[in-house]
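Participant: Next come the chains, spelled out residue by residue.
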Amino acid sequence: MNKNYILPGFVILVSFSLIIFTTVLLPHFIFHPEPSEYAVEYTELEAKGRDVYRREGCVYCHSQFVRLQDRGFGPLVEAGDYVYDTPNLLGTIRTGPDLSNEGGKHPDAWHKAHFINPRTITPGSIMPPFVHLKEDDMEALIAYVQSLGKKRLKKYDRIYRPDEYVAKLEKRTVDVNSSAAANAGRGIFQQNCATCHGTHGLGNGPNAIALAKKPANFSRPFYKDYDDVTWFWRVSEGVPGTRMPQWRKKLTDEQMWYLVAFLKTLPRVNEVYPHSYETLEPDKWLEQLKASEAELNSEPKAMLIETQGPPPMAGGGH
Amino acid sequence: MMLLSDKENSASKFFILTAVFWLVVGMTLGLTGAIEFVAPDASTGYGPLTFSRIRPTHVNTVAFGWLSMANIGIVLYIVPTLTKVKLFNEKLANFVCVVWNLAILLGVGCLVHGYSEGREYAEYPVPIDVMVLIGLLSLSYVIYMTVIQRKVKKLYVSLWYILGAFFWMPIVYFIGNRTFVRLDGLNDAIVNWFYGHNILGMWFTTLGVGIAYYMIPKLSGKPLWSHSLSMLGFWTIAFFYAPTGTHHILQAPVPEWLKALAVVFSVALVIPVITVLTNFFMTMKGSWWQLANNLPLRFVLTGALFYLFTCIQGPFQATRSINWYIHFTQWVPGHAHAALLGTFTFFNFGAIYYILPRILGRQFYSVGLAKAHYWFTFIGFNIFYFVFTVIGLIQASGWQQGMEVSQWSIALEPYWFYRAFGGALMWFGNVLFLINVFMTWRGAKPLDPPDEEPAMSVKRTGA
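Just so you know, the protein sequences line up as chains A and B, in that order.
Start counting at 1 in the first sequence, then tack on 1, and there's your number in the numbering used here.
Start counting at 1 in the second sequence, then tack on 8, and there's your number in the numbering used here.
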C-alpha cells in the first residue's frame, strides 16, 4: 500500500475506536443506575405482555418517559426506573399519549375495549384496532400496561378514580329515583347542558355543530348502563379532551344529583336490542326483534319530531 | 455458483435493479401506513396490515432494500471507474446481492408478522442480521481489494467516503445488533441510538455524499471546485458524526455528559455540511443552466438542496432548547425523510439515470417517464415534508400547552390526509420509475429520440 495513506488510515482507526470507546463502552462501564424504588420487576404475565407490546410495535407511537414539560402524565422518571427494561421501549415518537404512568388509570375492561376498537372509547383516536390479538396475548398486554408506573402511582396517587365518588353516596340527600328530583334536574339540564346535548339529550344542541367532538347522545343504550355514581362522576369531572367542563366547579353536589336524576329518565334511542340477557338466545331474540319492531312502528316517534333538519348526531362514546 | 455472473458491472446492475423493486415495495408499505393515519380502521383487524407492524417494515425495507442496495450498486460502478481496474471479485458481489435480496424478503415477512427485536432500525431478527453482516463484510473486502489494486495513484474524494463507509458500517451494524450482550434498559437505549444514528451518518451520508461528489462533476462536465475543501468535509464527518446518537434520547434520564457530547458534536456537523455544499454549488457556478435539460443532474442537485434543508435543521434540532420543543413530534420523521428520501434517494435517482444506460449499453426507455418521475417525486416530496413539519409544530404546541392528546390530535386530521396525498404522488412517480427501469432492462426500444435529453444518452457524455 502507498505509504501516503498509512497515516490517514491510522487516524481513522484511532479516532473511530476512541468514539466507540466513549459512546458505547464508557457508558457501559460507568453508567449503572441502581434499581429505583419504582423499577418494576415484571411478573411472568407482564413480561409476556411486554413481549406483545414489542411485537405489535406499540413503541412506534407511545413513548415511555415523562419529560419535565409534560403535564398530566404523572410523576417524572429516573434512570433507575428502567433497570429491568430490556429491550428498551423508550420510544421516540408520540402519536399517542405517553404510557410511563398508564397503569391503573383505566380498568382492564376499558383497555380491552380500547384495544379491540379504540374509537369506541376515545372518539377521534387514530390508533389501529388490535382485534387480531389472541385472548391470552390480550390479557398479557393489559397486565403489562397496568404494570406501567404502578409503583409511582401508588406513592403519588394523583389519579381520579370513580371509586372516590362511591363515598359521595353516603352524603347524598337527593332521591335520584323520584320524579321530583328529575323535574328539578330538568331545569338544571336546560340551563347548562341543553346548548350542547340538546333539549332531549340527543347530542344535537345548537353548539354541537361547532364541536369537533360531538357531545354525547344520552339516548344510546350505552348510557343506560350507567349507575348513579358513574353519572355523578362524569358530570363532576367532565370529559378530558372534549368541551365537557368539570361541573363540580359550577354546580353544588345537590344540583348535580338532581341532574343525575333527570339524566336517568331520558329514554333510549328508537333502536331494537334485546331487553335482557335471557333473550340473547337466537330464537327468542328474533321473536323479540319482531315484537320490538312492531312496537316501535306503532308508537308515535315523539322524540324525533324535534330533530327535523339535521339528523341527530351520534354522540361519541362518553 | 453457476448462477453468479462474472461479467463486468453485473453485480452493479443486479443491485440497482433489485433496489428499484424494493423501493416500490418500501414506498407501498409507507403509503399504506400513511393511509392508516387517515383511515385507522383500514387494517380491519388484520395483524400484518396494522400500522405498528407496517412502520418498521417500511423503514427497514427502504433503508436496507432500497437505499443501501442502490448505494452499493452505484458504488460498485463508481469504484472501478475511479480506480481504473475491474472489480476485485464480481462473483462475490453478485453473491452478496442474492443474500441481501433474500434477507430483505425474509425481513419483510418477519416484520409484518411481528418477529422483531423491537429496537428502532435494528428490528431484523438475528438470522437476517447475520446475512446482512456477511454481505457487508464481503463487500468491504471486495471494495478494499479493488482500491488496493488500483491503477490511479491518487484517491478521489468519493473513494475516501466509500472506503470510510465500508469500514464503519460493518462495525456499527455489529454493535447495533449485538443481541448476545444483554444490557440494562437505558444502556440498551444508548447503544441502540449509537447504531440508529450512525447507520445514517456513517453509511447513508458518507455513501450518498461520495456518490454526489462523483456525479456532480461527471454530469455537469466541470471539475470539482476544491479538493482540499472536500477532504476537510470528509475528515470532519469522520470525527464529528459518530458520537451524536444520544441526541435521540436527549430528554431521557441518560448520563448528562453523554448528552453534552452528542449536542456539541451534532452542532459541529454544520462544518462538513457547509463544506460539502459549498463545494457542490461552487462546482455548479456558471453552469446552472444545465438543470434545464440535464435530468440526472437536476435530480442530484435537488438532492443537494434538500441536503441543505435537512442538515441545517439537524444540528439545531439536536440542541437542548429546540429539542425540548420538537422532540416526540412528527417534525422528526419529517427531518428523517428529508435526509433519506429528499437527499440520498434523489442522489441515487440521478446516479441511476446516469449509470444504468451505461451498464446496459442502451438508452433509457422513456425520457418522458423520467421527467414525470422527477416532477411527481419532487412535488410529492415538498407537500409531504412541509406537512410533516406542520404536524410536528402542532403536536409540539399541544405538548407544550399540556393539552390532552385527543384534543390536539383531532386538529391533525386534514394534515394526515395531505401527507398521504404527497406520499401517493411520490409513490406514483416511483411506480413510473420502476416501469422505466424494467423496460430499459428488458431492452425495449426507446420511446424518445436519443438526442432529446443529452445527459441521459449514452454517447454524448461517455463515461
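Treat the hints with care, since some could be wrong.
What the hints assert, rightly or not - What follows is a list of derived Cβ distance ranges for each label pair:
no.: 1; chain 1: B; residue 1: 186; chain 2: A; residue 2: 12; range: 21 to 31 Å
no.: 2; chain 1: A; residue 1: 37; chain 2: B; residue 2: 236; range: 51 to 61 Å
no.: 3; chain 1: B; residue 1: 293; chain 2: A; residue 2: 70; range: 54 to 64 Å
no.: 4; chain 1: A; residue 1: 231; chain 2: B; residue 2: 276; range: 52 to 62 Å
no.: 5; chain 1: B; residue 1: 188; chain 2: A; residue 2: 31; range: 33 to 43 Å
no.: 6; chain 1: B; residue 1: 332; chain 2: A; residue 2: 179; range: 25 to 35 Å
no.: 7; chain 1: B; residue 1: 332; chain 2: A; residue 2: 31; range: 52 to 62 Å
no.: 8; chain 1: B; residue 1: 36; chain 2: A; residue 2: 292; range: 21 to 31 Å
no.: 9; chain 1: A; residue 1: 38; chain 2: B; residue 2: 276; range: 51 to 61 Å
no.: 10; chain 1: B; residue 1: 113; chain 2: A; residue 2: 247; range: 49 to 59 Å
no.: 11; chain 1: B; residue 1: 409; chain 2: A; residue 2: 37; range: 26 to 36 Å
no.: 12; chain 1: B; residue 1: 297; chain 2: A; residue 2: 23; range: 43 to 53 Å
As the list claims (entries may be wrong) - Incomplete in silico selection of chain B near chain A, CB under 7 Å:
no.: 13; residue: 88
no.: 14; residue: 186
no.: 15; residue: 193
In short, the hints are calculated from the structure, not lab data.
The beta carbon of each residue, even a glycine, is placed where N, CA and C say it ideally should be.
Participant: If a hint holds in the structure, say so; if it does not, say that too.
Facilitator: Hint by hint, here is what the structure shows:
no.	hint	in the structure
1	B:186 / A:12: 21 to 31 Å	26 Å, holds
2	A:37 / B:236: 51 to 61 Å	53 Å, holds
3	B:293 / A:70: 54 to 64 Å	46 Å, violated
4	A:231 / B:276: 52 to 62 Å	58 Å, holds
5	B:188 / A:31: 33 to 43 Å	22 Å, violated
6	B:332 / A:179: 25 to 35 Å	55 Å, violated
7	B:332 / A:31: 52 to 62 Å	26 Å, violated
8	B:36 / A:292: 21 to 31 Å	51 Å, violated
9	A:38 / B:276: 51 to 61 Å	39 Å, violated
10	B:113 / A:247: 49 to 59 Å	55 Å, holds
11	B:409 / A:37: 26 to 36 Å	30 Å, holds
12	B:297 / A:23: 43 to 53 Å	48 Å, holds
13	88	19 Å, violated
14	186	10 Å, violated
15	193	3 Å, holds
Of the numbered hints stated above, those contradicted by the structure are hints 3, 5, 6, 7, 8, 9, 13 and 14, listed in ascending order.
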